[in-house]
Structures are given as C-alpha cells and as structure tokens.
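> Here is what each chain is made of, one letter per residue.
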Amino acid sequence: MRATSLMRHLEFILRRLLTSLFVLLGVSIITFFIARVVPTDAASLYAGPKARPEELARIREKLGLDKPLPTQYAIYMSELLQGDLGNSISTKRPITQEISDRLPATLELLFAGMFVAMLIGVPLGVLSARWQGKLPDLVVRLISIVGVSMPAFFLGLLLQIIFFRNLEWLPLIGRLDANMRFVSPVTEITRFIVLDSLLTRNWVALKDALLHLILPAFTLAAYPIGLIARMTRATMLEVLEQDYIRTARAYGIRDSVITYLYALKNAISPTLTVIGLTFAFALTGTFFVEIIFTWPGLGLFTTRSLLNLDYPAIMGMTLLGASGYVLINLIVDVVQSWVDPRVSLN
Amino acid sequence: MKRFTLFLSLLVALSLVLSACGGGAAPEAPAAEEPAATDAPAAEEPAAPAAPSVLKIANTANITTWDPIASFSTEAAYMANVYEQLLKVNPPGSAEQFTPLLAESWESNEDGTVWTFNLRSGVTFHDGEPMNADAVVKSLDAARTSGGASFIWWMVDSIEAVDDLTVQFNLSASAPIDLIASSLYGAWIVSPKALDAAAADENYWANGVEAGTGPYVIESYIPDQEIVFQKFENYWGGWEDDQYDTVLVQIVPEALTQQQLLESGSVDLVTSIPRENYGSFKDNPDYTYYEEPSFFNYVGFFNTTRAPLDNAKVRQALSYAIPYDDIIQIGVKGLGTQSRGPVPAGVWPWSPDVNQYTYDIDKAKELLKEAGYEGGGFSLRLTYAAENATHEAYAPLIKDAYAELGVDVTIEAIAFGQQWEEAKGDPANAQDMFLLLYWPTYSDAGSDNLWSMFYYTEKPFFNLSYWNNPEFNTLVDEAIGLTVTDPAASQAKYVEAMNLLVEEAAGLFFFDTKAVFIIPNSIEGFQYNLNYPFVQYFFYDLRPAK
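Chains as they are written, first to last, in the working numbering: chain A, 1 to 346; chain B, 1001 to 1546.
Hints are supplied without guarantee of correctness; some may be wrong.
[Said to hold, decoys possible] Here are a few chain B residues that sit away from chain A, every Cβ distance over 12 Å (derived from the structure):
| hint | residue |
| --- | --- |
| 1 | Ala1058 |
| 2 | Asp1164 |
| 3 | Lys1231 |
| 4 | Tyr1287 |
| 5 | Gln1338 |
| 6 | Leu1382 |
| 7 | Pro1396 |
| 8 | Leu1482 |
[To be verified] The calculated SDA-like cross-link candidates involving lysine to any residue, where the alpha carbons are at most 20 Å apart (straight line), are:
| hint | chain 1 | residue 1 | chain 2 | residue 2 |
| --- | --- | --- | --- | --- |
| 9 | B | Lys1459 | B | Thr1305 |
| 10 | A | Lys92 | B | Ser1146 |
| 11 | B | Lys1424 | A | Ala57 |
Calculated from the structure, these hints are not laboratory results.
Glycine included, every Cβ here is placed at the ideal spot set by N, Cα and C.
Modelling step: build the complete structure from the supplied sequences, incorporating the hints.
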C-alpha cells in the first residue's frame, strides 16, 4: 500500500515536470517571436540614437541579427540550453550574470515578505472565523480588504513617510546602510545579507539588514496578508461546521485547542494553495516594492529593461518568471498531495 | 472562558501586527527603540580620527557600459572622474577656453587641418602603464573606429605619434580638434594594456574594471546599487589634505527618495530633486541653489515631405500658435528660456541675433488663410518619447493651441526606440510632428545640432523634418569649414543659416532648459560646467566646508 502510494507520487511529480517543460518551451517560443516582431531595431537600441549606419551594421552582425529568424531562434535555444541567455542591451553584461547578481536580493525580500504574510495572515483568518460576525471578524475583514486593495507603491511611500521621515525609526532604501562597508563589512557567502551576516556573526550588519527589510517586506506582504486571511477564514468557517468539531466541543475540549489544533490543521490545505500562488504573484509584486525601496533586485533590473526595450533581458526575465511560477505550482501540488491525501493525484 | 480565548486571540493578533510593523523580521530588536540605522554610523564617524574622508552621493545615473571606448550614456557621470581627455572645455565666461589635462600645449596649422598636441610627461594609468603618444594614438584610434561616439572624429584621416610625447592629427577637413578632443564621449585616453585585454575578452569591463589616468579609481561596483571610488595616489594633479579619499555613490533612481536622503543627512550630495520641491531649498540657508544654462533643448520637427506641412506658411502659422511661455511653465516649471533656433544658449554658435516666433494667434490664422487652409481643417499626428515627462507635460498645450486654429492634433506617447524607428523609416508614412530633447555630443552645436537635425542627407541622421534646403546645407558647410580659421565669419554663416531655418520654420524651437543644482553648504568647490552635462560632480573639485 505504502509502496504504491510512493510510486503514484513519483509518477505524479514526473508527469508534472514534463508538462512544465512544455510550458517553458512554449514561453520561450512566444517571448522570442514577440521580441522579434516588436517594431524596434535591436542594433540601434544597442548602439544608441546617434549611431551611424556603418556602426549599426557592425552591431547587427555581432548580435546575429543579420541571420534569418528560425536560425536566430535555433541559436537562441542552443545557447539557452547551455544556460546562456545572451547579453543585455542596456548593461552589455551577460543576462545570467545580471540575474544571479540580483536574485539573492529579490529572494531575500520575497521570503521575508511571505514569512510576514503567513505569520500575520493565518492567525488573522483564524481569529476572524473564530469570532465570525463579531468585532474581531469585522476588524480582520477590514484589514484584509485594505491589504488587498491598497496599491504597493502607495503603501510603500506611506510607510516611508511615517517610519523614515516622521518617526525616524527605519531606513529609507536599500538592503544595507552605505556606511556598513566601513563600520562592519559583510563577507559574501550566499549573498543573502541576513544569512551571511548571521553565518559570520556580524550582528551589527544583521540588525541593519533586518531593519532594512521591515518596510519592504511588510509592503510586499500586504496583499498576501489580506488574501491569506480571507482564505483561512473561509475554510475555517467550513471546518468549524463539521461534525467532528461539534463532537469535540461536546467532549468539552477547550475552544482554543479545537480552533488552533483540530480545525486549523484541516483548514490549512486550501490556504496552502493560495500561499503558493501568492508567492508567485509576490515575485512580480517585488517589482513595485523594489522600485520604491531602491532594492537592488530583479525588479529594478526588469523595469529598466522594459523601459529600454532591452529585449534579451526581458526575454530572460519572462522565462525566469515563468519558471518560478511553474516551479512553485509544482511544489504546491506536491506538498498539498502530501498534506491532504484527499487531493487526487490524477 | 470564551472571553479569555477572545482576549488571547486578540493579544496574539496584536502582537503579530506589532511585531510585523516593528520587528516582524527582527524579533530580537524592537525597531521602536533603535535609532535609524542610517543615522547611527554617520554620528559615529567624526569620533574616529583616522577614518578616511568620505563623500556620499546619491546619483540617478545608470551604467550602460564601463567600456570607456563604447560609453555614450549616463555612466559618464562616474567615468569622467576616472578617465581624462587631452583637454577640458571650461565653462562659458572663463578666462581660458580650455584646461589642459593630458596635453600641455597644442597648435594647429593655418587652415586647421593638422593639429599637434604635446603631452604631459610622467603620467601613469591606474594600471601602472605610462601615458604617452602611443597610448593616445591607440585610444583615439579605437574611439574613432569602434567607439560609441566615433562620428565626432569623422574628419580625421590619421593620428600619429611624432615622438614619445607628441601626437599629430591629420584631417581631411578643417575642424576644431581642440573641442573634439575635449568631448565627454569618445575622447578618453585609456591604458593600451587594458584595451588589448578588452579586445580579447568582450566582458572585460563589465564589472567596473577601469584603466584611466583620472583622480579616482573604481574600487568596487555593485550593479544598481553602489560604486566606491578611491583616490588615485599617483594622480598627476597631486592631492591636498582636504580632498576626499573615498567617494561612495549610491544609485537611487527616484528623485523624491534622493531628496529624503539629502534632508536626513544620509548623503552629502544628490543629483535629482523633484522640480516642485526646489522652492523649499531656494529659501533654505543651509543650501546653495544654482540655476544655470544647459546643453539641452526641446525641439519639434515638422514632416516637411507632405501636405500641408510642406508649405512654409503653414509651418510659420503653427510656429506663431505655440504659447512658448506657457510651455516653459508647464513643461519645466519655468526652468527654461525660449530657444533661438536649435542651438542652446551658451553653446557655440548660439547668437542673440537669431530670430524667434512669439505667440500670435491672429497672425497664425492669417497665415493659414494665406496658405489656403482657412480655419485649419487638417489633422496632425504628433509623437514623443513616452519616457520623457517634460514632453508629456507640454504636448497637450500644443494640441490645445492648434485646436484654436482648427487643426486637430493626435498625441502619441511611444517608447523612444519605437518613435525613432518610425521616424527613420519612409517619411511618407512617418509622423507629422516629432518632439525631441536634444544635446550636442561635444561643445559645438554648429557641426552637431545644426548639421545633425537639419542638414539634408539622403538617409536622415536626426533631420526628422526631412527638410531639404540646399542654401542651408551650403551655409552650414561653409560655417563648419571656417570654425577654426575664422570663428567670427563662421558664426555669421551659422546665424544666417539659423535665421533661414527659423524663417522657413522647418521645426519648432521650444526652449533651452536650465540645470538646477542644490548643494549643501557643507560642501565646497562645486563648479557647474555646461560642457559636461552628464557629469554632475567632478569629485576632485569638492571639499568639505571648513
């Protein structure tokens, strides 16, 4: 029984992996051809507006733009399979390097944001369900609506004004204070500053990095908090109606135990899906947050690439975003099937 | 019991919210009790006497490349502190036109076709290589054959090393090589060793590698984040005690964020503050407010290849209908002056003798009538670069003004790349009006602005009016030829050409912008130089106030 269950899990994961690969292939084809159909000349973007024709011809040859489209796609794909996304037009650096330089910053923000979102969202949802229709419920529902509907750029600026300008409690922008390099430089290991400073026991930098994380993480978390709270509330309400909860109550088990132990455990599965999806959503949400907080991650880079029509960079980022989405979905599906055996593996 | 659970739940929720606001991610340190991290080290700094003097700058400028040969964009803000040209052009009104940098003296033959530069001796590049005639030849040959701004050297036939410290330029046409060699782009002298290394590895410069002779070296570079400069101990200009040892540049794209950093003392200098907030600094005794002429101007091109804009009377009418003062007020909050032709004020060959249109709606209507378009009745498609907020602000004024003439304007904000593509295609299908922010590559707006934007060539460079006037072409050719040998005659020709341009209304000449600098009084030595518009600060000039 157990062996077949494991086999079915493996088969499920394998099947999902295969479909994921097809999705990514499709994304690569679409982004490649959209980038080529857009009415801009990559060579003139590369060379700048004042370039002369001879120079454009030289760059066209260098970028391989003088070859027919299918050939260009074949070259692009073969380079892609070797992990080469080409060079950015605006920074002239390899896109894989641009991504790997910035990914840790974005992931650090993303993890912090999702951590905050779960830490606040789930208890709020439980609270709201527990006191359905009462004051706590109303407050939580208000918080979720505000969280879901307040645009990140507005909330971010608001938090900056309050916590930087007025209260002077928290830093304005960036991952680390600029002076840190003189005061207590962080040794790069993983390039997650929080982790690196923790590993090297650099408490000064750790504290500074955490302080820098608070506002952006909270801004990023606002939307997921609302969503998670509402989802948890809905599923909790459903679960609290179930017979076994009533039975538990009849046994005189404490309300808090019922709510937090029995009900929450069974209500968490759909919330997990939501968390997974918001995780992927938050990946794009980091773009706004990164701009507001000058957070040196992928968002800042992508925004600039879009503005400069830096199509190799845009393609690379689209592919990365799609991969992230596919991967997170895969993880959610697998975790869900593991947490809740009722979820069908078909 | 129930009440207790409610209390407990509320308490949990409250503590969660609080911890999220105050220290959700920092459980060990409630933020409320800590001073802002940005303040703390700044306050400690003076306490350590051995600490190097650090200048902190927030700059908007992106780095599109660290390749000094290819560079043709905003990174000049940093690279101009690392690399040097043979000469530097002084701001208008200076006693001398040039400051010698890597050249000590220079001269040209009578007709300006052979130039000789004597180089400074004993200068070394940051990588230890000697700066000599061979290095100059190698750098400038690379710049003129494959550089981002290679075209500035179009008239150069060859550059030779006469001896170890003498370089000779042989030209196919008379040209002001002193001005060209001072160009911000395409004129930096780079270590030959580094050029060889870069030829072998196309990503050689990518991570902030440099090999100049300038006062500062790049110590580290983190993309989109920061650049750290250290002083170059062996700089030929020498060092005084109070110059900065270290310059820390934070790349901060948002102007409002920069303002907050400046006001909180987190940085010493910024490059960009929202225009609407200038007022608060003007009146603040802690800051000096500079409002200076700049290299930039806003122009509009009429598509002169098809009706009705092929008719000069129509173009004149449309030039009279522009509310220039309102456009300056709305576009740049009054920080501009109405242009006299396409040359910005303060840049050669600008002249007060060039005519302007003034707003006169009746005259505009009359001219339209004369042209056979009484009451307008045609429509125009206007494009501008969506990235530019100034165009976005004033373009609607053009639409409103032309509506009064019965001319309907459709405004299209598109990405500059796209706008450019369309304009460079077949003029018959191109836009009717093209708004552009322009600046000369080096301090000669005759051979640049006038030539680039209105000289007719079969494939237009920036002549997006597609204007074809042989008389104008002749005048510009003659003026360019006289620039070195007889500047006064050259300028007279330019003025004649510009008045022809204005008379024929080949384009709209909106305004020259002003550059604003807000410098805290804690910094001394700032000097604005309009010839280097992308270099806000030459670090070497700056010192802490005593």
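> Holds or violated: is the Cβ of Ala1058(B) farther than 12 Å from all Cβ atoms of chain A?
violated (9 Å)
> Minimum Cβ separation between Lys1231(B) and chain A greater than 12 Å?
holds (15 Å)
> Are Lys1424(B) and Ala57(A) close enough, with their CA atoms no more than 20 Å apart?
holds (15 Å)
> Please check whether the beta-carbon of Tyr1287(B) is more than 12 Å away from every beta-carbon in chain A.
holds (18 Å)
> Could you let me know if the closest chain A CB is still more than 12 Å away from the CB of Pro1396(B)?
Its Cβ never comes within 12 Å of chain A, the nearest being 22 Å, so this holds.
> Against chain A, does Leu1482(B) hold up as non-interface, every C-beta pair farther apart than 12 Å?
holds (24 Å)
> Looking at Leu1382(B) again, its CB stays over 12 Å from all of chain A?
holds (18 Å)
> Just want to verify: Asp1164(B) was marked as not at the interface with chain A; is every Cβ pair farther apart than 12 Å?
The claim holds: Asp1164(B) sits with its nearest Cβ about 32 Å from chain A, beyond 12 Å.
> Could you let me know if the closest chain A CB is still more than 12 Å away from the CB of Gln1338(B)?
Correct as stated: the minimum Cβ-Cβ distance to chain A is 25 Å, above 12 Å.
> Given the hinted pair Lys92(A) and Ser1146(B), is their Cα-Cα distance within 20 Å?
holds (15 Å)
> Is the straight-line distance between the alpha-carbon of Lys1459(B) and that of Thr1305(B) 20 Å or less?
holds (14 Å)
This entry does not satisfy hint 1, going by the numbered hints stated previously; all others are met.
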